[in-house]
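Got chain A sorted already, so can you dock chain B onto it with the hints?
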Amino acid sequence: MRIRLHRFQAFDILNYIVLAAVSLLCLVPIWHIAMVSMSGEGPANQYVVGLIPIEFNLSSYANILRLDKFWDAFGVSGLRVVLGGLLNFLLTVMMAYPLSKESVYFKSRSVYIWALVFTMLFSGGLIPSYMIINELHLIDTIWALIVPGAVPVFNVILMINFMRQLPKELEEACLVDGASQWSIMTRIYVPLSLPVIATVTLFSVVGHWNSWFDGLIYMNQTEKYPLQTYLHVVLASRNLVNADQNSVMASLTNRSAISAQIILASLPILIVYPFLQRFFIHGIVMGSVKE
Amino acid sequence: MKITKKDRAFFHLLLAPGMLILFVFAYLPMFGIVIAFQEFNPTQGFIRSEWVGLEHIRFLFELPDTMQTVWNTVEISLMKIVAGLLVPIVFALLLNEARIVWFKRTVQSLVYLPHFLSWVILGGILIDVLSINGGAFNQVLATLGIKPIFFFGDEAWFRVMLVVTDVWKEFGFSTIIYLAALTGINPALYEAASIDGASRWQRVVYITLPGILPVVVLMSTLSLGNVLNGGFDQIFNLYNPMVISSADIIDTYIYRMGLIQAQYGLATAIGLLKSLFGFALIVTSYRLAYRYANYRIF
Numbered sequence: 001m002r003i004r005l006h007r008f009q010a011f012d013i014l015n016y017i018v019l020a021a022v023s024l025l026c027l028v029p030i031w032h033i034a035m036v037s038m039s040g041e042g043p044a045n046q047y048v049v050g051l052i053p054i055e056f057n058l059s060s061y062a063n064i065l066r067l068d069k070f071w072d073a074f075g076v077s078g079l080r081v082v083l084g085g086l087l088n089f090l091l092t093v094m095m096a097y098p099l100s101k102e103s104v105y106f107k108s109r110s111v112y113i114w115a116l117v118f119t120m121l122f123s124g125g126l127i128p129s130y131m132i133i134n135e136l137h138l139i140d141t142i143w144a145l146i147v148p149g150a151v152p153v154f155n156v157i158l159m160i161n162f163m164r165q166l167p168k169e170l171e172e173a174c175l176v177d178g179a180s181q182w183s184i185m186t187r188i189y190v191p192l193s194l195p196v197i198a199t200v201t202l203f204s205v206v207g208h209w210n211s212w213f214d215g216l217i218y219m220n221q222t223e224k225y226p227l228q229t230y231l232h233v234v235l236a237s238r239n240l241v242n243a244d245q246n247s248v249m250a251s252l253t254n255r256s257a258i259s260a261q262i263i264l265a266s267l268p269i270l271i272v273y274p275f276l277q278r279f280f281i282h283g284i285v286m287g288s289v290k291e
Numbered sequence: 001m002k003i004t005k006k007d008r009a010f011f012h013l014l015l016a017p018g019m020l021i022l023f024v025f026a027y028l029p030m031f032g033i034v035i036a037f038q039e040f041n042p043t044q045g046f047i048r049s050e051w052v053g054l055e056h057i058r059f060l061f062e063l064p065d066t067m068q069t070v071w072n073t074v075e076i077s078l079m080k081i082v083a084g085l086l087v088p089i090v091f092a093l094l095l096n097e098a099r100i101v102w103f104k105r106t107v108q109s110l111v112y113l114p115h116f117l118s119w120v121i122l123g124g125i126l127i128d129v130l131s132i133n134g135g136a137f138n139q140v141l142a143t144l145g146i147k148p149i150f151f152f153g154d155e156a157w158f159r160v161m162l163v164v165t166d167v168w169k170e171f172g173f174s175t176i177i178y179l180a181a182l183t184g185i186n187p188a189l190y191e192a193a194s195i196d197g198a199s200r201w202q203r204v205v206y207i208t209l210p211g212i213l214p215v216v217v218l219m220s221t222l223s224l225g226n227v228l229n230g231g232f233d234q235i236f237n238l239y240n241p242m243v244i245s246s247a248d249i250i251d252t253y254i255y256r257m258g259l260i261q262a263q264y265g266l267a268t269a270i271g272l273l274k275s276l277f278g279f280a281l282i283v284t285s286y287r288l289a290y291r292y293a294n295y296r297i298f
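If you read the protein sequences in the order shown, they are chains A and B.
Using the UniProt record's numbering, the first residue of the first sequence is number 1, and each one after it goes up by one.
Using the UniProt record's numbering, the first residue of the second sequence is number 1, and each one after it goes up by one.
It is worth saying that the hints were derived from the structure and are not from the lab.
Model, not experiment: these values are computed from the prediction.
Each hint should be verified, as a subset may be incorrect.
[As the list claims (entries may be wrong)] In silico SDA-like links for lysine to any residue, alpha-carbon gap of 25 angstroms or less: (1) K6(B) / A179(A); (2) K168(A) / Q202(B); (3) K2(B) / V18(A); (4) K6(B) / W182(A); (5) K104(B) / L13(B); (6) K2(B) / S183(A); (7) K168(A) / K6(B); (8) K2(B) / P167(A); (9) K69(A) / W182(A); (10) K104(B) / P274(A); (11) K5(B) / S180(A); (12) K107(A) / R296(B); (13) K5(B) / A173(A); (14) K104(B) / S183(A); (15) K2(B) / N161(A).
[To be verified] From the structure, some residues in chain A lie toward chain B, with a derived Cβ separation under 7 angstroms: (16) P29; (17) L83; (18) L86; (19) T119; (20) S123; (21) L126; (22) I132; (23) P148; (24) I157; (25) N210; (26) V233; (27) S237; (28) L276.
Cβ coordinates follow ideal geometry from the N, Cα and C atoms, glycine included.
Same shape as in the complex, but just chain A (with noise of 0.2 angstroms):
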């Protein structure tokens, strides 16, 4: 018995040595980039910052925080999450309120559905889309960033499943006192789904922060980048910029304005991080547990 018990306790310890390690590895990643933002233009080309700064200053910061291209990216960025947002948020609960009707009631219900579904299963791919916001010509214009996906299939489906199960019996009694389908909707389903609204509306936020591709293609100006499609480029052509010093260019893609801009890229997540993460898990969970 006590040679058992003391193997669980081996075990333990060890098991906590291995679960510290792998977090570790998540962050000291990130960390790293960090101090080495806010090093010394020396030391950081030289590869000698570990986990502390050496030469702490924020020059590289500063530098960054001077630039209009950089201001412009994050402008659009910033425009595109608020207004990508907003129509994410007003669509999935315009879809998924009648979509949360019974088919009995709703007869058209499953032709919309299936309609919406099949957008998940099958896609023209790359070029047909391209080609297609080219014709509406909305190359170089925000919108491109924002109405090809303004309608979150996912966020739609899971919105109508919590939907679905919130208690029959509440329509029933707005409807017998004379209320009309669209103040049912205001007053009783929506306040009722505002955790999975601001879950749902958190992942669109985070998704269109997180977009740089869709900028990357339909944006022909780099002006009109948003700053993870600008900070992509950056990163792009740290390698071909280095043998030439001199060049603007090589004064972003220098060690330490790489990982300022790294880093401020990512601030925004940082900071909403412990928002996210309890959305988030919630979401996650109540999207794959049903009944």
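Frame of chain A; chain B shown alone:
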């Protein structure tokens, strides 16, 4: 319950804007697939461009790169799927054995972090940390007496790193699902097993694992739908000319061929084949998920 004609009209009205957007941005591109059978010229549009039938599809299979990218995609995805299933399960089991609550919470908060950052940011971080010229990880290896490794410049290592970094980004988030399943197991089962003298290991094998098996089955069947994806965002932010032959996947191939080289017909043709096979895979995975895990999206 009474739903009047007026109410139904209201429902249609609510659905109209979303449906219009889906029609334009999801369904119209499906018709745009005709480009795959044309010598597409953007100035002539979808209808007046010259029709070439199956010419593009025939030519695709003559290109040596095509089959290479398909195999790359399938191999990379399968490795990611297997690792992406195993690591979160093991991690959830280990975390479940830890008893100190604040420790568990802290661990969870830290391991979700990479999930919320984009591949642009993570690519930037990883290329720096794993660089052969002084990258932090190679410095750590050097103190252990290991020679620097060219993680993103060596074809074999690049593949390994695709799997490792993908697991690194997503395992924490996937763990949530298994932890949720673990909390659903009836504690009485563990108590009964302890009274009967079951060891900790036996409890894991005979109670915990069967308890989470339905979720494991569900996640495996659903992951099947991803076999042709391979992870565009990740690869596009990490790859470079040195590793392109082993890292090029269908999506990166389509991007370069279609939007860089303007071979619209060819790129659409690959996209069409990918969509068709992808459709079959997703439908199969949903059917399997329904059959073996009783999962329905509605």
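Outcome of the hint check:
1. Between K6(B) and A179(A), the direct Cα distance comes to roughly 13 angstroms. Compliance with the 25 angstroms bound is thereby established for this hinted pair.
2. For a cut-off of 25 angstroms, the pair hint linking K168(A) to Q202(B) is broken: about 45 angstroms separates their Cα positions.
3. Taking the CA atoms of K2(B) and V18(A), the gap is about 60 angstroms. The hint is violated against a cut of 25 angstroms.
4. Under the criterion of a C-alpha separation no larger than 25 angstroms, the hint pairing K6(B) with W182(A) is consistent with the structure, at around 11 angstroms.
5. Note on K104(B) and L13(B): the hinted pairing is violated, with a Cα-Cα distance of about 48 angstroms set against a maximum of 25 angstroms.
6. A C-alpha spacing of about 15 angstroms is found between K2(B) and S183(A), which places the hinted pair at or below 25 angstroms, so the restraint holds.
7. Note on K168(A) and K6(B): the hinted pairing holds, with a Cα-Cα distance of about 20 angstroms set against a maximum of 25 angstroms.
8. Proximity of K2(B) to P167(A) is assessed by CA-CA distance (about 16 angstroms); at most 25 angstroms being required, the pair is judged to hold.
9. A threshold of 25 angstroms between alpha carbons decides the hint, and for K69(A) with W182(A) the separation of about 45 angstroms lies outside it, so the pair is violated.
10. For the suggested pair K104(B) and P274(A), the alpha carbons sit about 16 angstroms apart, so the restraint of at most 25 angstroms is met.
11. Proposed proximity of K5(B) and S180(A) is supported: the alpha carbons are some 12 angstroms apart, at most 25 angstroms.
12. Annotation: proposed proximity of K107(A) to R296(B) holds, straight-line Cα distance about 21 angstroms (limit 25 angstroms).
13. For a cut-off of 25 angstroms, the pair hint linking K5(B) to A173(A) stands: about 19 angstroms separates their Cα positions.
14. Only pairs whose Cα atoms come within 25 angstroms are accepted, and K104(B) paired with S183(A) is rejected, the gap being roughly 44 angstroms.
15. In summary, the hint linking K2(B) to N161(A) is supported, as the alpha carbons are separated by about 22 angstroms, within the 25 angstroms threshold.
16. Using the Cβ-Cβ criterion of 7 angstroms, the hint placing P29(A) at the interface with chain B is satisfied: the shortest such distance is roughly 5 angstroms.
17. For L83(A), the shortest C-beta to C-beta distance to chain B is roughly 14 angstroms, which exceeds 7 angstroms, and the interface hint is violated.
18. Evaluation of the L86(A) hint against chain B yields a violated restraint, the C-beta minimum of about 13 angstroms exceeding 7 angstroms.
19. Checking T119(A) against chain B: minimum C-beta separation of about 4 angstroms stays under 7 angstroms; hint holds.
20. At about 6 angstroms, the closest approach between the beta carbon of S123(A) and any beta carbon in chain B falls short of 7 angstroms, and the interface hint on this residue holds.
21. Interface hint at L126(A): satisfied, since its Cβ lies 5 angstroms from the closest Cβ of chain B, which is below the 7 angstroms cut-off.
22. Taken as an interface hint, I132(A) checks out: its beta carbon lies about 5 angstroms from the nearest beta carbon of chain B, inside 7 angstroms.
23. For P148(A), the shortest C-beta to C-beta distance to chain B is roughly 4 angstroms, which falls under 7 angstroms, so the interface hint holds.
24. This hint holds: I157(A) has a C-beta 6 angstroms from the nearest C-beta of chain B, less than the 7 angstroms allowed.
25. For the restraint placing N210(A) at the interface with chain B, the shortest Cβ-Cβ distance is roughly 4 angstroms, inside the 7 angstroms limit, so the hint holds.
26. At its closest, the beta carbon of V233(A) sits 9 angstroms from a beta carbon of chain B; the interface hint therefore is violated under the 7 angstroms criterion.
27. Annotation: S237(A) was flagged as interfacial toward chain B, and the flag is violated, the nearest CB pair being 12 angstroms apart, outside 7 angstroms.
28. With its C-beta approaching chain B no nearer than about 6 angstroms, L276(A) sits inside the 7 angstroms limit, and its interface hint holds.
When held up to the earlier numbered hints, the structure conflicts with 2, 3, 5, 9, 14, 17, 18, 26, 27 and fits the remainder.
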